[in-house]
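The listed protein sequences derive, respectively, from chains A and B.
At position 234 of the first sequence (counting the first as 1) the number is 234 in the working numbering, and the numbers step up by one without a gap.
At position 83 of the second sequence (counting the first as 1) the number is 83 in the working numbering, and the numbers step up by one without a gap.
Quick caveat, the hints were computed from the structure, so don't treat them as lab data.
Hints are not guaranteed to be accurate.
Taking CB as the label site, the calculated pair distances span [what the hints assert, rightly or not]:
| # | chain 1 | residue 1 | chain 2 | residue 2 | range |
| --- | --- | --- | --- | --- | --- |
| 1 | B | A23 | A | K111 | 25 to 33 angstroms |
| 2 | B | E119 | A | Q72 | 52 to 60 angstroms |
| 3 | B | G37 | A | H264 | 19 to 27 angstroms |
| 4 | B | A134 | A | L281 | 29 to 37 angstroms |
Predicted model, so just to flag it, every value in this text is computed and none were measured.
C-beta atoms are modelled at their ideal positions from N, C-alpha and C, and glycine is treated no differently.
The primary structure of each chain is shown beneath.
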Amino acid sequence: MNSAPVLKVSNLGKVFRAGGMFRAIGKDKQAVAEVSFDLHAGETLAIVGESGSGKSTSARLVMRLLSATSGQIFWDDTDVTSLSARALRPMRKHIQMVFQDPFASLNPRMKIWQSIAEGLRVHQPGLSTGARRERVAETMQLCGLDESGMDRYPHQFSGGQRQRIGIARALIVEPKVLVLDEPVSALDVSVQAQILNLLKDIQKKRGLAYLFISHDLSVVHHIADRIAVMFGGRVVEHGDADDVFSLPHHPYTQALLQARPITHPDERVVSAVPMGADEGLAESGCAFKPRCTYAKEDCSSFDNRLGDGGYACLHPLNLSKHA
Amino acid sequence: MRHTAVMLEIRDLSLSVSIHGQAVEAVSSISLKLEPGRILGLVGESGCGKSLTAQSLLRLGEYQGVRRSAGDILLDGQSIFSMQDEVLRRMRGGKVAMIFQEPMTALNPVFSIGSQLTEVIRLHLHLDKAQAKARAISLLTDVGLQDAEVLLRQYPDALSGGMRQRVLIAMAMAADPDYIIADEPTTALDVSVQKRIIALLRGLQRERGLGLMLVTHDFGLVAEMCDDVAVMYAGQIVESGTVKAIFDQPAHPYTRALMECRPEVSEAGTSLPVIPGQVPTPGHWSPGCRFAARCPLATEECHAPVAPEAWSEGQHVARCLHVSEGL
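Bound-form chain B, shown alone (with noise of 0.2 angstroms):
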């Protein structure tokens, strides 16, 4: 374990994307702490802007034109937003690294697996060649792969996805990072390779003492792994909490009705419950409670502005006016 607690903090995050050359807010206005030895997850349907706030936590959206407009991010109380280039690049990988969902486009097809995590060794740790390779192999041999130093001369294309994505995850381990922040990391798996890679990451986790972030659209992979849990929907965060308290008693109306349409909870051959309506795009979000519209408690109160924390028992909190009415 780590004697030195380094904290990465969110706070009051906005950030908006360029659509027809406009800018417009993708993410309003969120909150989130990471602590070392803790796994958070993010949830929430695609276009809710979990990847962009999880990207956001390397600057790496700022290529794409995402632009933060308010909040800050801190890492061991520093903001990230005033790092130098030099010192960005060191922290990228250093202090937090990113896995990301698909593991067949993530690797460069024409370098060996060998010379593309040396690289990042040597970036991050300045050994030379014959220390770096020793690195990668027992980094390797870490991840669950066998042949460390046959699978450092092959390509990516030799490998298949389960085993790309331990080579990605080692790959992410190189510089010892305190955090690193997965998203989608199994989506693209076989479910037998899911459960191991599941598996491998909470092992690392524990051992290390690692703070991990998990960017995920699934119930199941957030039962699995996570301690804590954050919901977000049309670009705020609509409930947090731990993961038994989520699980337990759903309090926002939206994530219950996310809970409630997998197949996998409810009776075979029956009818799914669903969620009316679809989810706004950015640009298209009503000033009150974004969910409303869809909302089968929604009043006329909840078309003015919904505080992040209406409803809160302890730390599970819930951006809604009538979670009572609904457990």
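In isolation and in its complexed conformation, chain A is listed as follows (with noise of 0.2 angstroms):
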């Protein structure tokens, strides 16, 4: 893509400090570590990984909820990483952001149109109640929402319309990215592929630039353009969609790939364990070491860097085609 990113992250990285009475005695985190990236408009970037993998605090960094402890984050092409609040507020209609749990993140004493035009508050705080309503009744149609409903409350509401409330309220302010994270995880099949249907849609429309953040890689494989995996912090392949779910080049990544479900009973396999323990990062060299039945020697002393074939690792995968 030709176009300047919309979002741009350049060796972000975040360390939570132990903290209060465990100051002395608690270990400092690496949460997320010189994780880079740019987003273009119209196009989606997927995040995945699994819980502790530094997914979800990497979406929080580049919405500047969390501030990084190193690297940059640009919004368009101004340096937000450490502008003040005050000075990001007018900023944060370019990047919005859904959550996982839509109920959640409703306020239940609220009609759901206040509840969407909370952004106009600070964005557009000239607009009368009137032309509030209005843009509320557009996006609610937007996102597939019946505007008769809007003076309702969440909780009259299902599960996956609380969700479209939800995609709602963050496009109200016409932002240019949209930060997902993990938003139809907690919806059943039949919905998730209703609001998969309407993100699709709504990006057509509006030429958004979506992060998606996710552990399922079906949903992932849906919807993303491109693709990067995050272990320990650090992202480990980086790359088209496609060409990493067809040949991914870091042992995790296919292990990953291989953990999906089988969509027939006829593909089980009775030994179809994936490697390794169940969790558990090396301290020191390759994160995965612990786990990847490829590790050799030389494993220890990996610096863990992203290279320039879009994997971290010393023994890619299938390399072949490529060589």
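Relying on the hints, combine the two individually framed chains into one complex.
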């Protein structure tokens, strides 16, 4: 893509410091390290990984809900890494977030039109109530919600509808980037399909860029143009979605792909137990080493950096095609 | 393997829940049979009544106002609803055990793993402390946990989600039950951990000839584990059969729609097939086919009650008048 990225992140890092009563005995936790990517209009970048991989922390850093320990974040071409909350406020309409649990993220005492319109209070404070309701109605339509429900309360909506409300709420300020943190993982399959279709639709209409955080590879394959796989706070593989799915280079990516659910009982393999222990990171060298079946001696001194090939591994898989 | 086959059977069971003080039917006339050595998958979306059905096998719903309005559940020929408290207590965990979805909330955070596990063992098996501890260690080893002795002294917060789920499986196995009811046992876990828990459950089930009921919304898990499948929609079983029959030739339009909307079976980047409308909630069910309002094949006659075996092919049955048109 030729256009300038709408979101750019370089060498992002976050260390959670042991604090409070544990300061003396606690250990600092490097949650995210050296994460870099850019995102263009109309494009979807998925960040995948298991719990503790740093994917949600990355999303929160990008949103400036957490402040980074190192690295830089650009919204369009503005460096927002160290802007004050006050300076950031008017800029927040550039990038909005949709959360996993739509019920927990809606105020139960507010009518849903008020929840959806909240962002307008900040970004277009001059609008009259009538004009705000008008905008809410338009956005609800865009999200497949019946505008006649705008005076109802969150509990009167189903899970899928609530997630549509969550999306409408993010879209009302007309952002260029949407950060979606596991937006469909709390939903039933049939509802999940509706929301995924809706997201694709809106992206087509509005040219939005999506940063899609998920642990579900089937969902990701369906919606993403590019994929960044995170493990132990670092991106271990980054590339075009189809390439990553068909020819994963990092053993962890391969393990994730093999752990996908089968689609028919005929695909059952008796000994289909994925490699390694349940969990655990190496203290030094390649973080994935304790779980990796391909690990060799030299992995203990690996620096975990993402190379030019888009993978962080000394013994990458599936390379023959590119050799 | 066991010598005597103990049967667990649900017969025409209807359950009602209390909504604003009124009894509303939530499960309608369900019949299911669990057999030793087989895994039955009970599949459906949220609100279809699958968890209520599963919990009723241990009479757990009663504490939340779930009432049996008709039918029965028979364990080895005896109605579990006629059991006295003491018999019921021994049945729970002793004959039929349960594994819950949330490994985070199913363990008590202020007791050590050892005390929670030996409590179950001693309650059911009348062992002394040392024997119970030995059994606890062997159970934890069976479920693939290392350093069991150290683990016994630890508290739940020191364990990862996968380890906690293994502990809960060990707890379910503690009194050597005939049946295990697992309600979404892998939903809260990471994908790679899911596969290992699946392998563990299958292994234990085969080794001990257990009967297992797996409650899930995930057809991937069903494909992976189950021998038989029952699909629930709005409080009824709409289709049942062997796992192969259900996957090779899903008969009910609802089953077919559910299978088609999975992102893993559709081409990347395309629009996913969807089911129009929503699952009707208890109290808002039509007297005829409950799926008719959302069904592409529905006709006038679907608005009258449809028999549970309106279509059948051997053991494969579906509550639908138009199966052949959809196939």
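Hint check, failures only: none
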